[in-house]
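Residue numbers (my numbering), protein chains in the order written: chain G, 1 to 197; chain C, 1 to 139.
The hints are simulated quantities; they were obtained by calculation from the structure and are not laboratory data.
Warning: the hint list may mix true and false statements.
Simulated crosslink set (DSS-like; lysine-lysine; CA at most 27 Å straight-line) [as the list claims (entries may be wrong)]:
1) G/Lys-37 - C/Lys-116
2) C/Lys-39 - G/Lys-64
3) G/Lys-64 - G/Lys-109
4) G/Lys-94 - G/Lys-190
5) C/Lys-39 - G/Lys-37
6) C/Lys-116 - G/Lys-94
7) G/Lys-109 - C/Lys-133
8) C/Lys-93 - C/Lys-34
9) G/Lys-64 - C/Lys-93
10) C/Lys-34 - G/Lys-109
11) G/Lys-37 - G/Lys-64
12) C/Lys-34 - G/Lys-37
13) G/Lys-109 - C/Lys-11
14) C/Lys-39 - C/Lys-107
15) C/Lys-98 - C/Lys-133
16) G/Lys-109 - C/Lys-107
17) G/Lys-190 - C/Lys-133
18) C/Lys-130 - G/Lys-190
19) C/Lys-98 - C/Lys-39
20) C/Lys-11 - C/Lys-39
21) G/Lys-190 - G/Lys-109
22) C/Lys-98 - C/Lys-116
23) G/Lys-109 - C/Lys-98
Note that the structure is predicted; figures quoted are calculated from it, not measured.
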Amino acid sequence: MHKKGQSEDIFNDLIPAVILIIATIVIITINGANEQKNVSGMSESDLSSLRRIDLITYMRMPVKDYGSFSELIIGLSAGEDKSIALVDSVDPYKCGDELSSVLRRNIGKSYEQWSLRVFNRVSGEIFFECFSDDDFFTEAYRLSSVDYQELLFGSNMNLDFEQAYFSPLGMQYVNVTLPSSNPNQDMFVKMGVMSNE
Amino acid sequence: MKKAQFDLSRKTVYYIFALFILAFIVISMVNVIKSGNLKDISLLGRSAGNLLVAEIVTSSSCFAEHDEDLDRNYPGIINLDNFNEERLNSCGKYFQDKFSISIDNTKIGDSEFNGKEFSRPILLNDGSLKELKVKVQNA
Numbered sequence: 001m002h003k004k005g006q007s008e009d010i011f012n013d014l015i016p017a018v019i020l021i022i023a024t025i026v027i028i029t030i031n032g033a034n035e036q037k038n039v040s041g042m043s044e045s046d047l048s049s050l051r052r053i054d055l056i057t058y059m060r061m062p063v064k065d066y067g068s069f070s071e072l073i074i075g076l077s078a079g080e081d082k083s084i085a086l087v088d089s090v091d092p093y094k095c096g097d098e099l100s101s102v103l104r105r106n107i108g109k110s111y112e113q114w115s116l117r118v119f120n121r122v123s124g125e126i127f128f129e130c131f132s133d134d135d136f137f138t139e140a141y142r143l144s145s146v147d148y149q150e151l152l153f154g155s156n157m158n159l160d161f162e163q164a165y166f167s168p169l170g171m172q173y174v175n176v177t178l179p180s181s182n183p184n185q186d187m188f189v190k191m192g193v194m195s196n197e
Numbered sequence: 001m002k003k004a005q006f007d008l009s010r011k012t013v014y015y016i017f018a019l020f021i022l023a024f025i026v027i028s029m030v031n032v033i034k035s036g037n038l039k040d041i042s043l044l045g046r047s048a049g050n051l052l053v054a055e056i057v058t059s060s061s062c063f064a065e066h067d068e069d070l071d072r073n074y075p076g077i078i079n080l081d082n083f084n085e086e087r088l089n090s091c092g093k094y095f096q097d098k099f100s101i102s103i104d105n106t107k108i109g110d111s112e113f114n115g116k117e118f119s120r121p122i123l124l125n126d127g128s129l130k131e132l133k134v135k136v137q138n139a
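Pulled out of the complex, with its shape left as it was, chain G reads as follows (with noise of 0.2 Å):
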């Protein structure tokens, strides 16, 4: 009740009510945020599932006169010449003119962007690693096998094979290990892509 001469201050209703509304909207909001995080990470995983198919298409698809590139990954780890397609004059660790431009070719038709690692699965050093735009790939992106097992078996021991690169924003990753006769050469490939799928 109001004492005589003291006007009514209606103005407090209206805040209570619009904190609820507030809050309302507020929770309706994270719960659609969440819908949408399950959704997206449904269809993230669908995705993940066909990149895998398509790295393992990769490596069966036939290179030259070497067989599939999974077969030439396995033969190059077995101590074949690895002159013949891979070994960039400067860089030991990059892809050849020769692998290059078959990967590109193919690899090109799906994917506008992508990088491709291979590894030694036990000890972690780095194989080789081509890239479908060296320009795009700088070498603020690599890291030495030096760096790389360091960050493997040095200090950093959670870090896993995605981690021990600094990626470039958007890249999706999936890998797969290529098994050889002797475990110690088992490699493990590494493939990144970035698309609008």
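Given chain G, put chain C in place with the hints provided.
The following block gives chain C in isolation, referenced to the frame of chain G:
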């Protein structure tokens, strides 16, 4: 100014103010809910498209190469001999919308519809790497 007049004018301002705020809030809520639902629907459509593509490249009832002796499928490898309308009918049965599949210039499936195109690298059984394109309605 009399007290009754003062209260009436203050209440009018209050209701106008409240109306604007409530209208803004209701419109915002509708937009938030609508945009969330639309995004979910578009993601689900894309997901359905990806599942169809996955079936096409991995299932032997679709086009994936199947080794009878080993009873093994080869995901990502397509036998061109199986790339026909007859095989397509046993493929994507759960999928209600129209879709078409093409490899190079060979196209099978529904025609003349608008939709999103999905593409994946595949190996043909002759060893050549090609691009499989799947056009899906409502994706």
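Consistency of the hints with the structure:
| no. | hint | verdict |
| --- | --- | --- |
| 1 | G/Lys-37 - C/Lys-116 | 22 Å, holds |
| 2 | C/Lys-39 - G/Lys-64 | 45 Å, violated |
| 3 | G/Lys-64 - G/Lys-109 | 18 Å, holds |
| 4 | G/Lys-94 - G/Lys-190 | 15 Å, holds |
| 5 | C/Lys-39 - G/Lys-37 | 11 Å, holds |
| 6 | C/Lys-116 - G/Lys-94 | 37 Å, violated |
| 7 | G/Lys-109 - C/Lys-133 | 11 Å, holds |
| 8 | C/Lys-93 - C/Lys-34 | 31 Å, violated |
| 9 | G/Lys-64 - C/Lys-93 | 39 Å, violated |
| 10 | C/Lys-34 - G/Lys-109 | 36 Å, violated |
| 11 | G/Lys-37 - G/Lys-64 | 44 Å, violated |
| 12 | C/Lys-34 - G/Lys-37 | 16 Å, holds |
| 13 | G/Lys-109 - C/Lys-11 | 68 Å, violated |
| 14 | C/Lys-39 - C/Lys-107 | 31 Å, violated |
| 15 | C/Lys-98 - C/Lys-133 | 14 Å, holds |
| 16 | G/Lys-109 - C/Lys-107 | 18 Å, holds |
| 17 | G/Lys-190 - C/Lys-133 | 25 Å, holds |
| 18 | C/Lys-130 - G/Lys-190 | 22 Å, holds |
| 19 | C/Lys-98 - C/Lys-39 | 21 Å, holds |
| 20 | C/Lys-11 - C/Lys-39 | 41 Å, violated |
| 21 | G/Lys-190 - G/Lys-109 | 19 Å, holds |
| 22 | C/Lys-98 - C/Lys-116 | 11 Å, holds |
| 23 | G/Lys-109 - C/Lys-98 | 25 Å, holds |
When held up to the earlier numbered hints, the structure conflicts with 2, 6, 8, 9, 10, 11, 13, 14 and 20 and fits the remainder.
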